[in-house]
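J.: Protein sequence lines, in the order shown, are assigned to chains A and B.
Counting from 1, position 105 in the first sequence corresponds to residue 105 in the UniProt record's numbering; the numbering is continuous, with no gaps.
Counting from 1, position 122 in the second sequence corresponds to residue 122 in the UniProt record's numbering; the numbering is continuous, with no gaps.
Any given hint might turn out to be false.
Unchecked claim - In silico DSSO-like cross-links for lysine-lysine, where the CA-CA straight-line distance does not exceed 27 Å: (1) A/Lys82 to A/Lys48; (2) B/Lys48 to A/Lys82; (3) A/Lys82 to B/Lys14.
As the list claims (entries may be wrong) - Label-pair ranges, simulated between beta-carbon atoms: (4) A/Ser172 to B/Met176: 20 to 30 Å; (5) B/Val23 to A/Leu108: 14 to 24 Å; (6) A/Ser172 to B/Gly101: 15 to 25 Å; (7) B/Lys82 to A/Ala36: 24 to 34 Å.
Simulated from the structure, these hints should not be mistaken for lab results.
Glycine included, every Cβ here is placed at the ideal spot set by N, Cα and C.
Number of protein chains: 2
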Amino acid sequence: MKFKRNERIGAIVKILSDNPNKVFTLSYFTDKFNAAKSTISEDVLVVKNVFEKMNLGQVITIAGAAGGVKYIPKISKTDNIKFLESLCDKLNDNSRLLPGGFLYIIDLIYNPQIAAKIGKIFASYIDYKDADYVVTIETKGIPMALMTANAMNLPLVIIRKDSKVSEGSALSITYMSESSKRVQMLSLPRKALKENSKVILIDDFMRGGGTFKAMEDLMNEFNAKVIGKGVFISMAEPKEKQVSDYVSLVDFKMIGEEMQITPNSDFVIQNSEN
Amino acid sequence: MKFKRNERIGAIVKILSDNPNKVFTLSYFTDKFNAAKSTISEDVLVVKNVFEKMNLGQVITIAGAAGGVKYIPKISKTDNIKFLESLCDKLNDNSRLLPGGFLYIIDLIYNPQIAAKIGKIFASYIDYKDADYVVTIETKGIPMALMTANAMNLPLVIIRKDSKVSEGSALSITYMSESSKRVQMLSLPRKALKENSKVILIDDFMRGGGTFKAMEDLMNEFNAKVIGKGVFISMAEPKEKQVSDYVSLVDFKMIGEEMQITPNSDFVIQNSEN
Numbered sequence: 001m002k003f004k005r006n007e008r009i010g011a012i013v014k015i016l017s018d019n020p021n022k023v024f025t026l027s028y029f030t031d032k033f034n035a036a037k038s039t040i041s042e043d044v045l046v047v048k049n050v051f052e053k054m055n056l057g058q059v060i061t062i063a064g065a066a067g068g069v070k071y072i073p074k075i076s077k078t079d080n081i082k083f084l085e086s087l088c089d090k091l092n093d094n095s096r097l098l099p100g101g102f103l104y105i106i107d108l109i110y111n112p113q114i115a116a117k118i119g120k121i122f123a124s125y126i127d128y129k130d131a132d133y134v135v136t137i138e139t140k141g142i143p144m145a146l147m148t149a150n151a152m153n154l155p156l157v158i159i160r161k162d163s164k165v166s167e168g169s170a171l172s173i174t175y176m177s178e179s180s181k182r183v184q185m186l187s188l189p190r191k192a193l194k195e196n197s198k199v200i201l202i203d204d205f206m207r208g209g210g211t212f213k214a215m216e217d218l219m220n221e222f223n224a225k226v227i228g229k230g231v232f233i234s235m236a237e238p239k240e241k242q243v244s245d246y247v248s249l250v251d252f253k254m255i256g257e258e259m260q261i262t263p264n265s266d267f268v269i270q271n272s273e274n
Numbered sequence: 001m002k003f004k005r006n007e008r009i010g011a012i013v014k015i016l017s018d019n020p021n022k023v024f025t026l027s028y029f030t031d032k033f034n035a036a037k038s039t040i041s042e043d044v045l046v047v048k049n050v051f052e053k054m055n056l057g058q059v060i061t062i063a064g065a066a067g068g069v070k071y072i073p074k075i076s077k078t079d080n081i082k083f084l085e086s087l088c089d090k091l092n093d094n095s096r097l098l099p100g101g102f103l104y105i106i107d108l109i110y111n112p113q114i115a116a117k118i119g120k121i122f123a124s125y126i127d128y129k130d131a132d133y134v135v136t137i138e139t140k141g142i143p144m145a146l147m148t149a150n151a152m153n154l155p156l157v158i159i160r161k162d163s164k165v166s167e168g169s170a171l172s173i174t175y176m177s178e179s180s181k182r183v184q185m186l187s188l189p190r191k192a193l194k195e196n197s198k199v200i201l202i203d204d205f206m207r208g209g210g211t212f213k214a215m216e217d218l219m220n221e222f223n224a225k226v227i228g229k230g231v232f233i234s235m236a237e238p239k240e241k242q243v244s245d246y247v248s249l250v251d252f253k254m255i256g257e258e259m260q261i262t263p264n265s266d267f268v269i270q271n272s273e274n
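Construct the complete structure from the given sequences, taking the supplied hints into account.
T.: Quick look at the structure:
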């Protein structure tokens, strides 16, 4: 198949965009497009401009034997805040408030476009260069965690709340859930994580951080180290969280009967460990 | 921001690829790139070639007032079968066989790249032009269902197996699960589906089709109509399924102690309703 210059550039954008953080050698492209290395190098320069001008991250060239080209998605702070503001406009609707102080958000966070954007924002603020997995807990955080794993080019692991599942022998722990006020089980198949892995935790909602704490405890059972954490919405109360150093995108506060949901424009929270 | 021709083509590829099935007007591009309509029209012709030469689907132009350009992802049959063959190579490993006749597949189906490919294959064989939602049931099918919803540009709805969840008032039904051999509850918040919706059902695994049947029953409670169904793996036994007219990607057969997992090269199954 013969590709013209313009078409090659479009095709390279498509390949890099579909495979964030994956390294493609120049030979991959010279073979695919039957073109000289120098030609592909010129194409890649144009492709770099495309991503930079669109504020969608960087295309970088890695030198050496294992070298090549890869796309690192990273949305600009201005665009992130603009996106989160429009999302908060939708969230700030008292009809979303459910009995028990819960918030109805699944119409938004299950939306593939929104989940993809949240995933790219997490990938813009969490340092994942040494990470082996993105880990989440069922159910509501799965879409955004999958899209985060996609942006980071990492496999996704899902912690289950049910020990009766059919995934082979599993490690389980229990903890007292703040939101459901009952003992909650977390369970993960032994096969799901390699020993000594480094992981990023993603969840959709945080009150006191008990779920993150329990997830970390479960990770310890696998000798895995948590090197980053991201949550979509954090409640202002309780102020004291059981975790520190995490990325949070949206703050949720109750002022009397009124909800106040706003972007967390700092993104990174570094409170001291309690 | 000034874009050169080459860069515009890369940028249009990126925008269409990130937003499958979404219509973009020519004015959207003329504004974004500060270029004439005739210039953008020429760019779009090149972009069409990119997707066609890469066998990744079609970019179509819609005439009229609500017109514009959209990208319909559709992978070629040859590429689909090649992808499913390489996946079956990984699945055909007896160490994946778990007690109870279950198969360990989560390392593959939670992988974002694989889930994305499965989603695009479902979008290649299921007719979704009238659909309002993609509906799945927690947990293992969620990643592929999200990627299917992404390819189809539809919102995702996730049926829960737990009635104690915090998503407001819900409709629930129970059914006898073939795999877990216990009564299973399906539950969905009343707000999750609009009345008289048309939906596509996605699940990861099918034995007799009881789960699909129960999902259809729940959809009936919402006055929603199931207009398409897709499953990743179907067991050969039992032969009589409780559903008909579905897309299935992989066949799973036990011959004595040996597993036989193969691509379903017909993709669409049209058995008569039982």
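J.: Now, for every hint given, state plainly whether the structure supports it.
T.: Now for the hints, and whether the structure bears them out:
1. A/Lys82 to A/Lys48: Given that 27 Å is the threshold and the Cα spacing comes to 24 Å, the pair holds.
2. B/Lys48 to A/Lys82: 31 Å, violated
3. A/Lys82 to B/Lys14: Within the cut-off at roughly 20 Å; holds.
4. A/Ser172 to B/Met176: 20 to 30 Å: Hint holds: Cβ distance 26 Å, inside 20 to 30 Å.
5. B/Val23 to A/Leu108: 14 to 24 Å: Holds, since B/Val23 and A/Leu108 (Cβ atoms, about 22 Å apart) stay within the stated range.
6. A/Ser172 to B/Gly101: 15 to 25 Å: The hinted range 15 to 25 Å holds for A/Ser172 and B/Gly101, with Cβ atoms some 23 Å apart.
7. B/Lys82 to A/Ala36: 24 to 34 Å: The hinted range 24 to 34 Å holds for B/Lys82 and A/Ala36, with Cβ atoms some 28 Å apart.
Hint compliance for this structure: hint 2 alone is broken.
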